[in-house]
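**Student:** Chains as they are written, first to last, in my numbering: chain A, 1 to 470; chain B, 1001 to 1470.
If you are wondering where the hints come from, they were derived from the structure by calculation, not from laboratory data. All of these numbers come straight from a predicted model, not from anything done at the bench. Even for Gly, the Cβ is constructed at its ideal location relative to N, Cα and C. Any given hint could turn out to be false.
Unchecked claim - If you anchor each label on the Cβ, the simulated ranges turn out as follows:
1. B:Gln1013 with A:Cys470: 55 to 65 Å
2. B:Gly1412 with A:Ser10: 36 to 46 Å
3. A:Asp197 with B:Gln1013: 53 to 63 Å
4. A:Arg16 with B:Glu1416: 35 to 45 Å
5. A:Ala421 with B:Asp1197: 54 to 64 Å
6. B:Glu1070 with A:Arg255: 30 to 40 Å
Protein chains: 2
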Amino acid sequence: MTRDDKIAKSLAQAIRASGLQEGMTISFHHHLRDGDRVQNLVLAECARLGLKQLTVNTAAIMACHRPVLEHIREGIVAGIECNYMHPSVGHAISKGVMPGEVIFRSHGGRPAALARGQAKIDVAFIAASATDRAGNCNGQGGPSAFGSIGYAMPDALHARHVIVVSDHLEPYPLTPASIDESRVDAVVLVDSIGDPDKIISGTTRVTRDPVGLLIAQYAAKALQASGLVKEGLSFQTGAGGASLAVARYLGDIMRREGITGSFASGGITGMLVDLFEEGLFRSLLDVQCFDREAVRSMINNEKHREISASTYASPAAGSAVVDHLDMVILGATQVDLTFNVNVHTDSQGLIMGGSGGHSDTAAGARLTVIVAPLLRARLPLIVDRVGTITTPGRDVDLLVTQYGLACHPDRGDLKEKLIEADLPIRDIGDLKAKAESLAGIPARKTAEGRTVARVISRDGELLDRIRAVC
Amino acid sequence: MTRDDKIAKSLAQAIRASGLQEGMTISFHHHLRDGDRVQNLVLAECARLGLKQLTVNTAAIMACHRPVLEHIREGIVAGIECNYMHPSVGHAISKGVMPGEVIFRSHGGRPAALARGQAKIDVAFIAASATDRAGNCNGQGGPSAFGSIGYAMPDALHARHVIVVSDHLEPYPLTPASIDESRVDAVVLVDSIGDPDKIISGTTRVTRDPVGLLIAQYAAKALQASGLVKEGLSFQTGAGGASLAVARYLGDIMRREGITGSFASGGITGMLVDLFEEGLFRSLLDVQCFDREAVRSMINNEKHREISASTYASPAAGSAVVDHLDMVILGATQVDLTFNVNVHTDSQGLIMGGSGGHSDTAAGARLTVIVAPLLRARLPLIVDRVGTITTPGRDVDLLVTQYGLACHPDRGDLKEKLIEADLPIRDIGDLKAKAESLAGIPARKTAEGRTVARVISRDGELLDRIRAVC
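With the hints as extra help, turn the sequences into a complete structure.
**Tutor:** Here it is as C-alpha cells:
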C-alpha cells in the first residue's frame, strides 16, 4: 500500500493496519439497506482477529444485521450507536442481550455529535459500489449501485482511519468522487458488498388502502390550507404508502395551480423523481436513495444533488437542508396528548425503529405533519404519554388521522386556516377518546427494567431512556 | 440572519457578527486572480471598523492586492501567510515594510497546516461568483465566474467562522454547491467581487519564442524517453508559454501513438482542455481555472472535476492528486548545483513569487522536470546555492535548458534513457559554466538583513529564511 495505491491484500490486513484495538469504535452506513453485506463481513473478520468490546456506530441497523446479536453475545460487540434499529435486532436489545446501552441519535444528531466530539469513530468501513485505487468512491457505479452515500460522508470526515470496501474497481480518477481520496486510508476489494435485489426496492408504491388515502387527502388539503403551497415551496416525505400518497396529491395541487417548488429532500423515491422530472420541483437534495428510480435520476441530473448527512440535518452545521423545509410529512407509532411522537418502541416497549430524520425535519420545517391511522394493530395511536419520546411535541404542528386532524395548541393560526378549509379539526383528547371507543383502553404497560438505550436529542441532550422489557 | 437566510445587511455587520478581534487571522483565496476585489474590500472594512494586527492567510497575494501594504503601514495587517506573493507586494516585504515575518507555504502545505492545527483561521472570507441565501456557493455561476474554488475549500472546512462574499444571488438550493451551506455562517452581497477582464485571461498561448520552443521539444522528448508516456499517463504543467508548449508536444506524441492519459491536473488551461476534449485525457482534476476555456469545460463536463487544495496536494491527506502524477513540468528562477529550485526570490533576493504547487508536485510526481532558459534577464539560471530553497533538489529529476539537459545524480537510470534517445545530456556544472561563459559570473549578493519571511516545507518544517534586502 502506497499513497498512490491503497488497495490492501485483504480485509484482515486492512483491519490490522488500521490499528483497531479492543474497546474502539467502528462505523458503517446503511445505504445498502437490507442487502448490506459489509457490516456483517467486517464484524466476522473482527471476530476472527480476536477483537473484543467494539462499539458499532452506524446510521441504521437493518434486519440483515442480525448477526450483530451473536457478536454481542460473544463479547465482540459491546456497544451500538445508531439512528434506527430494526425490530429483529431491537427486540433482542430490549430483552437485555447487550450489557451496555444503545445510544440512539438522529440523522442530523449523529454528524453533529461527531463534529462536537461527543462521538468518536476510530475506523470507518465505508461500503462503496465503485472505487479507484486511491479510494475516490461513490454509490453510483458498479453492479451494487445504491445512489447517495450521504450518511458516510461525516464518517469519512471525522474517523481517525477510513477504509473503503467495494466490489467494483475503476481506473483512477473515479468520477464522481462522492467521498474523495483525501479522506481515505485504505481500500479493500471484496466479492460483493450487497445483494442487489435487496439494496434498493423497485419503485415504491403509493398506498391503495382507503384509510391511508383518506389520511393523505386530509394532509394534502391541510398543506394547501396552511398557505405554504406556493411558488418555491419545499417539501419532504417518507417512503411509506400514505406519505407517498401525500406527495402525489401535493403534486396534483402544484400542477393545477402552476406552482414550482424549490426542492424536495431526504430519502428520495421514484415518486419524488417523477414530480422533479415533470418540473414541479427544481431540485432534489438526496441523502439516501430509496429505489432504482432515485439512483438513476441522481446519476443523470445535476439538480438531483447528493448531500451529506451533515448538510441534510446537522444542528452543528452552519445550516442544513431541514432548516429550509416548508413542510414535512412524518409517521408515528404513538402520539401523546402533548404531541410527543414515538417511532422508537412499540406498544409493548420493544425497540422497533428510531428517529432517522424524524426529529431533525420536525425541528426544521415550518409545518410538521404527522400522518397515522388512529388505530395501529388494533391499538390506539394516541396515548397519555408515549413509550419513548422520539420527537418532542413542541416540534409537531399537526396530527392527521382518518377520523380528523388535531393542531398543536401553539398553532392556533394554523387551526383557524384548517377550519376555514372545512377540514375536520378535533381536539387531540377527543381523537384519543374516539380510538378508545373503537379499540378499548389498552392495559398500560410500563417497561421498568434497566436502561437498554438512551435517546439523545439532535442537540446532544438526553431526551429519553428505553428500559428493558422482561 | 437565520439558519434559513444568512444574508447580512452589510459587510460591516457580517464582520462584527463574526467576532473578529484584534490579532486574529482572516483568510481569502486567489481564484479571482488579478481581478479580485474582495480582499481589498474586506481589509478596507476592517480598517474602518478599527481592527488591528490582523494576519492575512491566503493561497496567493496578487498584484491587485497592493493595498495590503498601506494596511501594513497602518498596523491593520501585521502578518501574511501565503503560498505565492507577487513582486509588487513582495519587493516591499523584502525591504522590511512589515515588522513580522511572512510565512510561505505551498498549495498542499497550506491545507495540511490547517488540518494539523499549525495554522488557524478565525474568519474566512470566501469570494463566490454565485451563492444562495444559505451560502451554498461556487465559482461557476454569475457574471464573475472564475471556475474552481478549490483553494477556499480547506478554509471552509477549518475556519471558525465562514463568510461568503458574492455579487450574484440565486434561489436556494444553488447547484453545484462547491462549498455547501453546512460550512457557511454568513453571506454578504456586494456590487462586484472582481473585474471580469482580469479574473481570467483569454486562452493562454503557447510560446512563439524559439528558445522556449526548443526547451519544450527537449522536455517532451525526455518525457517520451523516460518510458512514462504510455497508456494511462498523468501529467501536470503550468501556464507559462514553454510549459504549454510541452503539453502541446506531449499531445502530439500521444495522438501519434494512440495513447490515452488518465488525467491532467493542477491549474487548468485551455491547452489541457483541448487535449481532454480530444479524448487524449480521460479526466481533468482542477484546483484552479487559468482561463475561460477551463471555466466552460468544468461547468459542462463531469469528468473535468473540481478538487480542493487538500485533495490536490496535501501531505496530511490520505492521499492527494500529486501522489498519482507521472510527470510534472515546472519552472525556475534559479537552480543550484544540488538541483534545489528557487521560485521565491529574484537574483537580488527580492520576493517575487512562491511555491504554489511547485514543491508539492515535485514531491509527488515520478518524474519532475524543470524547464528554464539558461539565462534569465542576462543572468545565469544555475548558481552555487539558490537564494531561497523552494523545492529541495531531492525532488527534482531533470533540468531542461536550451543548451542541454542535466539529470539529478540519483537518476542514473533516467540519464541512460535520455542519452539513448540522443538528447544532449550535460553535467549541471557544465551548464553553469556555459551560462557564465555567455553572461559572465554575476557578483554574488547575499541578503543579510533580518528575516522577513520563512519558507515552510509542505511537511511543516522550516525549509529556508528570506532576509531583508536593504
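**Student:** Taking the hints in turn, state whether each one holds.
**Tutor:** Now the hints, each set against the structure:
1. B:Gln1013 with A:Cys470: 55 to 65 Å: 59 Å, holds
2. B:Gly1412 with A:Ser10: 36 to 46 Å: 37 Å, holds
3. A:Asp197 with B:Gln1013: 53 to 63 Å: This hint holds: roughly 55 Å between Cβ atoms.
4. A:Arg16 with B:Glu1416: 35 to 45 Å: 40 Å, holds
5. A:Ala421 with B:Asp1197: 54 to 64 Å: Distance hint for Ala421 (chain A), Asp1197 (chain B) holds at roughly 56 Å.
6. B:Glu1070 with A:Arg255: 30 to 40 Å: 59 Å, violated
The structure does not agree with numbered hint 6 stated previously, though it agrees with all others.
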